[in-house]
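**Student:** Single-letter residue listing:
Protein chains: 2
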Amino acid sequence: MYTPTSLEIAFASDAVETVFCLATSGTKTVLVPVANGSEEIEAVTLIDVLRRAGADVTVASVEDSLHVEMSRQVRITADKLVSDCATTTFDAIALPGGMPGAESLGASKELDQLIRDQRQSGRLLSAICAAPAVVLESKGLLDGLKATSHPGFQDKLSNQSAIKERVVEVENIITSQAPGTAMEFSLAIVKQLFGQEKADEVAGPMVVRT
Amino acid sequence: MYTPTSLEIAFASDAVETVFCLATSGTKTVLVPVANGSEEIEAVTLIDVLRRAGADVTVASVEDSLHVEMSRQVRITADKLVSDCATTTFDAIALPGGMPGAESLGASKELDQLIRDQRQSGRLLSAICAAPAVVLESKGLLDGLKATSHPGFQDKLSNQSAIKERVVEVENIITSQAPGTAMEFSLAIVKQLFGQEKADEVAGPMVVRT
Ligand SMILES: [Cu+]
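Those protein sequences? They're chains W and L, same order as listed. If you're matching positions, the first sequence starts at 1 in the UniProt record's numbering and goes up one per residue. If you're matching positions, the second sequence starts at 1 in the UniProt record's numbering and goes up one per residue.
Derived from the structure by calculation, the hints contain no laboratory data. Bear in mind the structure is a predicted one, so any value in this text is a computation, not a measurement. Watch out, some of these pointers could steer you wrong.
[Claimed, not checked] To give a feel for the contact side, a few chain L residues facing chain W, derived at Cβ under 10 Å: (1) Ile47; (2) Met70; (3) Ala78; (4) Pro151; (5) Gln192; (6) Phe194; (7) Val208.
[Said to hold, decoys possible] In silico DMTMM-like pairs for lysine to aspartate or glutamate, Cα to Cα no more than 25 Å straight-line: (8) Lys191/L / Glu165/L; (9) Lys28/W / Asp56/W; (10) Lys164/L / Asp200/W; (11) Lys156/L / Glu201/W; (12) Lys191/W / Glu171/W; (13) Lys164/W / Glu197/L; (14) Lys164/L / Glu184/W; (15) Lys164/L / Glu201/W; (16) Lys164/L / Glu197/W; (17) Lys164/W / Asp200/L.
We put the beta carbon where it would ideally sit given N, CA and C, even for glycine.
With the rest of the complex left out, here is chain W:
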């Protein structure tokens, strides 16, 4: 069931860092960028829930290394570097929060281009916790649309009308508040990519509170 040998090889070899994002087909593709200081509940809930739904999820580090240390010291190995995904198009981009992780996501030049293209093309762009304010609003990509962010960052949003909602969906932008809303946020992305039926099918065995 497992391939510890290839896993060990992947961990042992820097060669993995030079693998480029391959064009995929037949399912929805999702980019989950991560940085040192990204919030691990948010990042991992996104990855796990989207993979349960059948999405082809690429976890991409904006750091120089595939290895990132998240906000509560969970150490995760990304699949790719963001720089290896610079020419790839994703059906959705989902930004975890956490500080200074969100700041590092915002500062990545390669990710900046991917995020701006995503917004311009009207493809799904989503962010949680610090990321809606620190990344999307800071880049001027929310266009005054309804959004939410972590309570500590909500005052940075130009549109304050929906900041108290747990998940806000408007114009292919989904935003959400914190680790405690990460499951609802991830399922909202599943719903937009795959439909409500798939979201319910994924939520059931996870015993998500309804």
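Position chain L with the ligand relative to chain W; hints supplied.
**Tutor:** For chain L with the ligand alone, coordinates are given in the frame of chain W:
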């Protein structure tokens, strides 16, 4: 704020695998064992929430390597090997589910001893998803007490009276159902270790649904 150099060293060097668990003091210590195929939302929510509460959390791999690949291919690097923790006493042990992760946790000889000691000494023992059935019930450690597990494993529990509850707390044993109950489960452990006030203090900024 970060120490990328030591992080890189830790990742690069096998030396880290020989570091033994040190006696800690002044806070509560928690062991979160992980294996290939452990459920990543459950493992990471436990680690993150307990660290937010101030617990000294040791993520320990039951595999031969610190590197584990979780049930949805999230790759995590543990802090220690379980074999390096064999003589350490923890205030709490928290077992994530996921298959075949829970089976591997149950099969670990070193972890078996730690879990049996934990139960015998009446220290906090907790398990979620597959783990209450596959690890605790299989080892005969539930003693017919109320417990729950993942819906797919609930029929393995000898006491069926509380299987539909999201979190069951009885006699220093806490059990829970699935990724969707991982936040409530983790906060129940925080409450038992640090009190209700701390649990509320941790839950607030995470915007946990009440
Ligand atoms: Cu590594």
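**Student:** The structure should be examined with respect to each hint, and the outcome stated for every one.
**Tutor:** Hint check results:
1. Ile47: Status holds, d = 6 Å.
2. Met70: Since the shortest Cβ distance to chain W is 8 Å, the answer is holds.
3. Ala78: holds, 8 Å
4. Pro151: holds, 7 Å
5. Gln192: This hint is violated: Gln192/L lies away from chain W, its Cβ roughly 20 Å from the closest one there, beyond 10 Å.
6. Phe194: For Phe194/L, the interface hint is violated, since the closest Cβ of chain W sits about 16 Å away, which is over 10 Å.
7. Val208: The hint holds - Val208/L has a Cβ within 10 Å of chain W, the shortest such distance being about 4 Å.
8. Lys191/L / Glu165/L: Cα-Cα ~18 Å, so holds.
9. Lys28/W / Asp56/W: holds, 6 Å
10. Lys164/L / Asp200/W: Since the Cα atoms of Lys164/L and Asp200/W sit roughly 19 Å apart, the hinted pair holds (cutoff 25 Å).
11. Lys156/L / Glu201/W: holds, 24 Å
12. Lys191/W / Glu171/W: Holds, at roughly 14 Å.
13. Lys164/W / Glu197/L: Satisfied, since the Cα-Cα distance of roughly 24 Å is no more than 25 Å.
14. Lys164/L / Glu184/W: holds, 22 Å
15. Lys164/L / Glu201/W: Status holds; Cα separation ~19 Å.
16. Lys164/L / Glu197/W: Holds: Lys164/L and Glu197/W sit about 24 Å apart, inside 25 Å.
17. Lys164/W / Asp200/L: holds, 19 Å
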